[in-house]
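Colleague: Taking the hints into account, I'd like the entire structure generated from these sequences.
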Amino acid sequence: QVQLVQSGGGLVQAGGSLRLSCAASGRTSSIDVIGWYRQAPGKQREWVASINGGGYTDYLASVKGRFAISRDNAKNTVYLQMNSLKPEDTAVYYCVTWVLGRDYWGQGAQVTVSS
889 QVQLVQSGGG
899 LVQAGGSLRL
909 SCAASGRTSS
919 IDVIGWYRQA
929 PGKQREWVAS
939 INGGGYTDYL
949 ASVKGRFAIS
959 RDNAKNTVYL
969 QMNSLKPEDT
979 AVYYCVTWVL
989 GRDYWGQGAQ
999 VTVSS
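Quick note, the numbering used here runs 888 ahead of the 1-based positions in the sequence shown.
Hints in this document: simulated from the structure, not taken from any laboratory.
By construction, the Cβ of each residue, glycine as well, lies at the ideal position given by its N, Cα and C atoms.
Hints may be right or wrong, so weigh each one.
Claimed, not checked - When the alpha-carbon atoms are kept at most 16 Å apart in a straight line, the in silico EDC-like pairs for lysine to aspartate or glutamate are as follows: (1) 931 with 976; (2) 963 with 920; (3) 952 with 934; (4) 952 with 976.
Claimed, not checked - For each label pair, taking beta carbons as the anchor points, the in silico distance ranges come out as: (5) 944 with 989: 34 to 44 Å; (6) 998 with 972: 11 to 21 Å; (7) 944 with 1003: 14 to 24 Å; (8) 933 with 989: 31 to 41 Å; (9) 905 with 942: 19 to 29 Å; (10) 913 with 974: 26 to 36 Å; (11) 918 with 958: 12 to 22 Å.
Modeller: Structure below.
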């Protein structure tokens, strides 16, 4: 079992920055990849970024250069630093990981970017 607890998010003006955190507990030694997804109103959930245990990162093209995913293994925490935010980044953001064939999701965090 793995639990993911998110923090961060909120309301920011376009061009601003926010940081999301995702703290893992439970069977953390089995965690390799942690990802961030988002879901905007009326849209399907989409992958945003991911990081593996070796620190390799990957990003959705529309956030590359603006968002940065990182992890602190000592704290079992993954971060998503979001800079130069745009109104189209408005969504509920979720962290997720996969352990022994099962996915585990955080509770979600609302990010609202005003124009």
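Colleague: None of the hints should be skipped; say for each whether it holds.
Modeller: Right, here's what the structure says about each hint:
1. 931 with 976: 12 Å, holds
2. 963 with 920: With Cα atoms ~14 Å apart, residue 963 and residue 920 stay inside 16 Å; holds.
3. 952 with 934: 14 Å, holds
4. 952 with 976: Satisfied, since the Cα-Cα distance of roughly 14 Å is no more than 16 Å.
5. 944 with 989: 34 to 44 Å: The hint (34 to 44 Å, Cβ to Cβ) is violated, given that residue 944 and residue 989 are roughly 21 Å apart.
6. 998 with 972: 11 to 21 Å: Holds, at about 19 Å.
7. 944 with 1003: 14 to 24 Å: Distance hint for residue 944, residue 1003 is violated at roughly 34 Å.
8. 933 with 989: 31 to 41 Å: Taking Cβ atoms as reference, residue 933 and residue 989 lie about 20 Å apart, which means the hint is violated.
9. 905 with 942: 19 to 29 Å: 27 Å, holds
10. 913 with 974: 26 to 36 Å: 33 Å, holds
11. 918 with 958: 12 to 22 Å: Given about 20 Å between the Cβ atoms, the range holds.
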